[in-house]
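Participant: As a plain string of letters, each chain reads:
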Amino acid sequence: MAEPRYLRRFGAVERAQHLALFVSFLGLAATGLPLFFSDAVWARPMAQIVGGFAVTGILHRTFATLLIGVFVFHVARIFSRLLRGEGGMLWGPRSLVPQPRDIRDLWAHLRWFVWRGPKPAFGRYTYWEKFDYWAVFWGMVIIGGSGLMLWFPEFFALFLPGWVFNVALLVHGEEALLAVGFIVTIHFFNSHMRPHKFPMDLTMFTGVVREDEYARERPLDYAVLQSSGLEAHLAPPPDPGLVRRARLVGGVAIAVGVSLFVLIVVASLTR
Amino acid sequence: MVRADGRPVVVHAESFAASIHGSLGCIDCHVDLARVADFPHPERLAPVTCATCHDEPAAGLGRSAHGPTGGAGGPLQCASCHGPPHQIAPSSAFESPTSKLQVARTCGQCHGGVVAAGGRPGPAVAGLFADSIHAIALTRTTVAPTCTDCHRSHDILRKTDPASPAHARNIPATCGTCHADQRRLYGGSVHAAALGAGHPLAPQCVSCHTAHRMAPTAGSQWQLAAVEQCGTCHREALATYRDSFHGQVTALGFTPVAKCVDCHASHEIFPVADARSTVAPANRLATCQTCHPSATQNFLAFQPHANKNDRERLPALYYAARFMNTLLAGVFAFFGAHTLLWFVRERAESTGEGDPRG
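Residue numbers (my numbering), protein chains in the order written: chain V, 600 to 870; chain Z, 1472 to 1829.
Treat the hints with caution; some may be incorrect.
Unchecked claim - Calculated pairs, DMTMM-like style, for lysine to aspartate or glutamate (alpha carbon to alpha carbon, straight line, at most 20 Å):
id, chain 1, residue 1, chain 2, residue 2
1, V, Lys718, Z, Asp1826
2, V, Lys796, Z, Glu1824
3, Z, Lys1571, Z, Asp1602
4, V, Lys718, Z, Asp1602
5, V, Lys796, Z, Asp1602
6, V, Lys718, Z, Glu1817
7, Z, Lys1779, V, Asp811
8, V, Lys796, Z, Glu1817
To be verified - Far from chain Z, by Cβ distances over 12 Å, these chain V residues were calculated:
id, residue
9, His617
10, Arg680
11, Glu685
12, Pro697
13, Arg703
14, Leu776
15, Pro837
16, Arg846
17, Val855
Bear in mind the hints are in silico, worked out from the structure with no lab data behind them.
Idealized CB from N, CA, C, for every residue including glycine.
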């Protein structure tokens, strides 16, 4: 049997963004959850472990700055790519923008779940991946915006009424809870832990995916790549050292995320 | 020379001479001895009555909790506290068990939680006092109080006795003996008014500061306990405070954010409708500015005790909370089901199982 061939799916910049995104995200969650669940049994010890009041506050704001930096960079890069005339980003089979086809894919996928139809043929980005992506977008605006209000209340109160800060605190916490819960259950499962991917899909870490796997999972995009010249998208196999590092970093991230989720469950059940 | 049971009868002349009563003769106290002609005198003499000279302290002891009618703790004798009768030293002498530096130890013989065989324990407060800011201050200055400064010495009454200086109604005056300004500030407060009106739970000094343990108010442990103490009556206010950033931070054990007293003041607490209140509408911004120096008028529309279920007062928060609840429930319900179904189906595909319905 021939050596498997690999396709490039994510560039170094995308992978770096994902890395910075989940490091800052987990850091924000670890330093923010004790405050949100301040009445939980683990809250006080955990707040001490992550550095006490002053250090926790500094860490939370440092991770927030990193995450906002990633977000601003990401949006700026999209605009720059659009300005350079890159096509297909805003619509079409290779776009991340939700389209009518995604509704049909969701419906077909649900039917496949219950043995009522064939598995739908997905394109470059599936509907659940698009949901993940736009959920982060929405979360960035909501959590980031409310977080900045809580960070600089005196500035924002120059033009916002005080009750906005009541809403900001509530929304910041609830939306963060949604984000953490979603990432460590739904995203971890969809992208890493479901039977075909278990324990981890390393594509977002190594940037490459096996050709046969891609053709099976995303036949529509595989056809697009074939028609536009598959050779241009071929990549060398991932470096074994990179794979080891990716397993380690990804494994730690999953362990941290699952631990945070256990804390959330404990706090919710003992409230 | 010994008694019938073998104990010596010796009165140490030197230590007696050095005692406060050293200038007295034996018969000044042992009055029945004056009538004895044959020596050695009968072994049992009449009990000495200190009240002959010390009528006022004796009368006080008689009606005190330590007196014959005092109940569980009584009766004590003069010597119980003042020490062996022939060696009684004035309270001004450091070695005296009634000197200011020794009183806590003396009282602690019964009130220390550890009682000699046959003794009867009083409330175990000496150990609490030993760690208090008062006891620590006492090692530096005898201006600091010991047991007797608050409870008096001879006419010690139970705290339930309205005449006791430790009775709730009298505590502000008792503490105010030293803490005059705090007493003045508290005296005009809504809490003092409630205390005066006989409210059984109205807070006075020891409600927040405790009576014996008395921690330094600069310590975070005490400050955090004080928040909980306010909440024993102001339950709704504590619950909504705990939902705020201020309340979450203090719940984690950190104090550099607003606690009850930072906004409401500590001794001089007034109802919000009172113009003197730090949270009266006219004073509120200045109160916010003590921590947020550049706070603007817009701060006043912030609700530090926000209740997300109060639609009348904070409609935006009410609807935001409903929206977030719906969003969370919706997302987790949909994707929970989606994930579960997917897992079952994909595992079937992995293991090559067919449609369970055949």
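Participant: If a hint holds in the structure, say so; if it does not, say that too.
Facilitator: Hints, one by one, checked against the model:
no., hint, result
1, V:Lys718 - Z:Asp1826, "14 Å, holds"
2, V:Lys796 - Z:Glu1824, "18 Å, holds"
3, Z:Lys1571 - Z:Asp1602, "17 Å, holds"
4, V:Lys718 - Z:Asp1602, "73 Å, violated"
5, V:Lys796 - Z:Asp1602, "61 Å, violated"
6, V:Lys718 - Z:Glu1817, "10 Å, holds"
7, Z:Lys1779 - V:Asp811, "53 Å, violated"
8, V:Lys796 - Z:Glu1817, "10 Å, holds"
9, His617, "20 Å, holds"
10, Arg680, "30 Å, holds"
11, Glu685, "31 Å, holds"
12, Pro697, "15 Å, holds"
13, Arg703, "16 Å, holds"
14, Leu776, "7 Å, violated"
15, Pro837, "23 Å, holds"
16, Arg846, "21 Å, holds"
17, Val855, "20 Å, holds"
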